[in-house]
Each structure stands twice: as structure tokens, then as C-alpha cells.
Amino acid sequence: SGAGWRERMIGLADDDGLRFFAGAGSVDPSLLPDDAEDAPQGAIVELAPARAALMGTIAERIAGHGGAGLFIDYGHLRPGIGDTLQALRKHDHDNVLANPGEADLTAHVDFAALAATARAHGLDVETTTQGDFLLGMGLLERAGSLGAKADGKSRQAISDAVERLAGPDAMGELFKVLKMLPKAGPVS
41 SGAGWRERMI
51 GLADDDGLRF
61 FAGAGSVDPS
71 LLPDDAEDAP
81 QGAIVELAPA
91 RAALMGTIAE
101 RIAGHGGAGL
111 FIDYGHLRPG
121 IGDTLQALRK
131 HDHDNVLANP
141 GEADLTAHVD
151 FAALAATARA
161 HGLDVETTTQ
171 GDFLLGMGLL
181 ERAGSLGAKA
191 DGKSRQAISD
201 AVERLAGPDA
211 MGELFKVLKM
221 LPKAGPVS
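Note that the sequence shown covers residues 41 to 228 in my numbering.
Careful: at least some of the hints might be erroneous.
Distance ranges between label pairs, derived from CB positions [what the hints assert, rightly or not]: (1) P80 / L117: 20 to 26 Å; (2) G162 / D74: 32 to 38 Å; (3) S199 / L72: 39 to 45 Å.
Hint data in this document are derived by calculation from the structure and do not stem from the laboratory. Each residue gets a CB set at the ideal place from its N, CA and C atoms; glycine is no exception.
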């Protein structure tokens, strides 16, 4: 808003439907990404303090007791400006406010924020795309092994699945991976 960053709230519209509006209080500037001051009026920054708190709990457990964490979801590797809130209903996109309780609401994960939280707990952290992760884990070799024994239709299905999971125009770029473990130590 013209008065600075505000929390986006939901309230009743004149037609008794739901609408977004700007809250009265300002947002703590320390929570915003570095490029927030250059954002145009009306821009949206998504913050997820509960997600950061959960990552803190997980990272603390791994730092104190060993182990590792592997997180895969759709999201972005760098913090930024943008609205990723979406509703999915009956396997299709829906208006976020149109069918409360009947649609699944979701937003992209800020992997940079999660990585920073894990690093603050002393963990080694690596983020990458799902495509790079799966290719590094031997996806093509596994697909080749499966395809070598398959008929033509099955080989095509395997090829299509590899493209869907790791391809740059599919889940390979949309989904991200965060790996974390204690610094320079074995996984227990």
C-alpha cells in the first residue's frame, strides 16, 4: 500500500463473498526480502513464520541428535516478490476465495528461508532443483535399466515419466529439493 507493507487479510465483500484487503498494521521490514523496497505498490511477499519455526525444530533435532533431512516440494530457491497462493479443487485451479473448505489452498515453499534456518542451527545445507537431484541420484540409469527389459509402450511410459519428473518444463524445475545434515559428520 502507499503506507508501506501491510499484511493481506480476508474479509467479507459487499455481496457477502470473500475479498482480500490490506491490514492496518505494518509488516516488520526485517522479514522482507532484500528487493522488497523496489517492489511496485500492490506487490505481494509471502511469509511463513510457522514453516520457519517447524524447520527450526527439525534442524535443532538433527543438529543435536544426528540424522539428515530431505525436503521436496514446489517452490523457489531465492526469496522474492510474488503471489503463489492458489486453490486446487477437483484437480483444477480455482479462485482462492470462491469455495472455502472445498478447495486445497497451497503456496510455493521459500527454500531459501528454510535453508537459512537450517544453517543457523549449524547444519550443512544444499538446495537444488528436483530434476538435478533425480539425475544425480541415477534416474536416467534406472530408467535405462527398466526400459531395456520393457516393450515399446512401456519404454515410452518410462521416458514420459522421466520427462515429467526431471524435465525443465515439468516438475524438474518447479519442484525443489533441500538436503541437510550435521556439518562434516556422518549421518547417524
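The hints, checked one at a time:
Distance hint check: the CB atoms of P80 and L117 are about 23 Å apart, consistent with the given range 20 to 26 Å. Taken as a hint, the range 32 to 38 Å is violated for the pair G162 and D74, whose Cβ atoms sit roughly 24 Å apart. As the Cβ distance of S199 to L72 is approximately 43 Å, the hint placing it in 39 to 45 Å holds.
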